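*Asks:* Fit chain B to the known structure of chain A by using the hints.
Chain by chain, the residues run as shown.
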Amino acid sequence: MRDCRPILLLEDDTVDAMTVKRALKELHILNPLVRVANGEEALVYLKDDGREKPCVILLDLNMPKMNGIEFLKVAKADEKLKRIPAIVLTTSKDDQDRLKTFQLSIAGFVVKPVDYVKFVEAMRIVNLYWTLSELPNSEQESANEKLQANTAGRR
Amino acid sequence: MKSSKPILLVEDDNVDAMTVRRAMKDLNVPNGIIHQLDGEDALEYLRSSDNKRPCVILLDLNMPRMNGIDFLKIIKNDDELKKIPVIVMTTSKDERDKMESFEFSVAGYIIKSTDYKKFVEALKILNLYWTLSELPYPGA
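Protein chains in written order, with our numbering: chain A, 2 to 156; chain B, 46 to 185.
Chain A on its own, in the form it takes in the complex (with noise of 0.2 Å):
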């Protein structure tokens, strides 16, 4: 990836969760991958200060307590989680999901190959992209609290 935060993953199958891992390492992909389980998790992760933001959320769709897209509906209707670009990796194939996902401003949709090396090649396209891509910088402040501060401080 562009830079070095980690890659927040949303899974709640472990045996592909592991898979994401090995792909990343085999990959040489260096920014630590933290996993949860499911969106309520994710959520858990993302308001705790303490934890560093992560420059790409991967997430999974079908999921027990929060599913993928509920988890869309909180992330982008929040400030600040919003901007973190959300890559959908699913096997889900259903037109609705993928409606309803874009609907939410994802920013990419991959069916995960069943082949481990198709899944490696997928894995190291959305590398380069991100890698390309710019990122946004979660240390800073948004350009509305920005202008908000701003037009405060002149008072």
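Since the hints were made in silico from the structure, they are not lab data.
If you're wondering where the values come from, they're calculated on a predicted model, not measured in any experiment.
Watch out, some of these pointers could steer you wrong.
Stated by the list, open to error - Facing chain A, from chain B, some residues (calculated, C-beta under 10 Å): (1) Ala68; (2) Phe149; (3) Tyr174.
Stated by the list, open to error - Computed beta-carbon distance windows for the label pairs: (4) A/Leu100 / B/Ser94: 14 to 24 Å; (5) B/Ser94 / A/Thr15: 41 to 51 Å; (6) B/Arg67 / A/Arg3: 25 to 35 Å; (7) A/Val112 / B/Asn59: 31 to 41 Å; (8) B/Asp71 / A/Thr15: 43 to 53 Å; (9) A/Pro65 / B/Asp123: 25 to 35 Å; (10) B/Ile78 / A/Asp4: 25 to 35 Å; (11) A/Asp50 / B/Ser158: 35 to 45 Å.
Cβ atoms here follow ideal geometry from the backbone N, Cα and C, with glycine treated the same way.
*Replies:* Okay, now just chain B, sitting in the frame of chain A:
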């Protein structure tokens, strides 16, 4: 791209638009390119039901009449248009531009290289990624 729908390019500079066309041709990207000169023209295109929905939007930021950020404000509040992935393609390295764009959940922010070879390489990666990724409007 994953879909054969056209790419909507919003760019006020005709020379830059030609460079994009040339690079896409060099990369054998089969998608057609629809070029609009600013946000207002792009909106007009998107709002006419006779026109094909684009698979992705490549968006410059500094444009007269309606700039890229103002364009994002409008389409990201439109239930139908908000689905289309928008990739910013600009020479601006301004932190504020970047921040505002990501606040509108852009699906990429690429700083245009002035070197043609590097620019082609960037578009190659962009095309690879959006061929791997599904798109909201598949099919022809």
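*Asks:* I'd like to know which numbered hints this structure contradicts. Please list them from smallest to largest.
*Replies:* 1
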